[in-house]
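Novice: Protein chains in written order, with numbering that gives the first Met the number 0: chain A, 0 to 234; chain B, 0 to 234.
These are computed hints drawn from the structure, not numbers from a lab. C-beta atoms are modelled at their ideal positions from N, C-alpha and C, and glycine is treated no differently. Misleading hints may appear alongside valid ones.
Stated by the list, open to error - Below, simulated DSS-like cross-link-like pairs (lysine-lysine); rule was C-alpha separation at most 27 Å, straight line: (1) B:Lys-173 x A:Lys-183; (2) A:Lys-173 x B:Lys-183; (3) B:Lys-183 x A:Lys-183.
As the list claims (entries may be wrong) - Chain B stretches covered by chain A per the calculated footprint, using a threshold of three residues with CB under 8 Å from any CB of chain A: (4) 40-49; (5) 60-72.
Each chain is listed here by its residues.
Number of protein chains: 2
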Amino acid sequence: MTTDLARRTADWLERTLGYRCRDAELLVAALTHRSAGGDNNERLEFLGDGVLNCVIADYLYRAHPQAREGELSRLRARLVRRESLAAIAARIGLGEQLILGPGELRSGGFRRGSILADAFEALIGAIYLDGGFDAARAAIEHVMAAQMAQLGAVAELKDPKTRLQEYLQARGLKLPVYVIDQVKGESHQQMFVVSCDIPPLGLRGTGTGQSRRAAEQEAADQVLAAIADTTARAT
Amino acid sequence: MTTDLARRTADWLERTLGYRCRDAELLVAALTHRSAGGDNNERLEFLGDGVLNCVIADYLYRAHPQAREGELSRLRARLVRRESLAAIAARIGLGEQLILGPGELRSGGFRRGSILADAFEALIGAIYLDGGFDAARAAIEHVMAAQMAQLGAVAELKDPKTRLQEYLQARGLKLPVYVIDQVKGESHQQMFVVSCDIPPLGLRGTGTGQSRRAAEQEAADQVLAAIADTTARAT
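Sequences and hints are given; from them, build the entire structure.
Specialist: Written out as structure tokens, the structure is:
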């Protein structure tokens, strides 16, 4: 990578995530998909995923002093799921910065959600290594400010099943049916897998939890998130 | 809580996790199980879980520069699983510090693994709020040093399926059979649930992954962890 290109990449990062990365190699590694061969961003993605989860947990803990643990978990899952991260990555033009192998280039890998989301997490990992935890936190809060603010409004908040029911009722649609797909584990620590189909919207959510109710709430939350995505795309 | 008791609790934390907590209320909250009513440790557990995962990710990233993302994920899962955290909590005498409701007290809740592991995570959350990320990291590395060092030896490391196979062969036992229990999701982002039974040892592992191979590795790793637990208990 020429010095010139390295500087332009660092400029892009500073413009979009508000952080000036000192280590150009780290930044290149974060942007390198495994299809390009050599050092790639998979290890940085692992690290960045941990940093991101921690920063979001901290943010939610402080922003929602009344929320219970289950609610905090749901809000976090919504912020860090692949689709949300891919949307942020697309907004900041991460796809154009990606270093891909020829196969992925031809097949449009720079637009694929999973590649974008992974590279976004890898960037967080690189910033963490380059500048420490507080630098990573500042970058995350900078780039995710809109998502976090939107969550504030959602989180005043009836539980997901209630909100989904109200959404469907307001549109004259049939109420959702929750189906237990699987029960795992022994009786004192069971895990429930529940799904929820909304045929008129062509949507489906799946949730996992230590109680049937928790799994249903997660499934409903997935459907709500999908509805929100569809709405955002349409506007 | 009397000042005297608060001081003794802070002393215990400093002795075991190497951190002097300034906020006594936070420390009490971290030690309070929901059975005791009022403020409890569930929110702090959510926060501490995020901090712990991040610190362990950072540690593994640095300690294993050659390990791939899948290996790092497996090592982390092993360090932070409930049984490991409960064992640490038991070692530092966390059970005696717990504030439980009368029902849990009578039924021996201070010895229950899930209650101990949750309270341990809540303590990490409290230290993070009280002293920041670096304080939490230092406390985690202090109290988990033995686990981390032990992992170093494990992690030179053949993959879990190979190690499990070698372990069983060395004891003249039948090789494990991996069974796909479930395939979820659409074709381009499937999730595999695989189980692995070892009847002569009465052990079973379950793994989830985006490929059959990844799920099998996780299932094998679970069995290996259970073998390690059994061995540790016997010595």
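Novice: Determine for every hint whether it applies to the structure shown.
Specialist: Against the structure, the hints come out as follows:
| no. | hint | verdict |
| --- | --- | --- |
| 1 | B:Lys-173 x A:Lys-183 | 26 Å, holds |
| 2 | A:Lys-173 x B:Lys-183 | 25 Å, holds |
| 3 | B:Lys-183 x A:Lys-183 | 15 Å, holds |
| 4 | 40-49 | holds (count 7) |
| 5 | 60-72 | holds (count 6) |
Going through the hint list in order, the structure satisfies each hint without exception.
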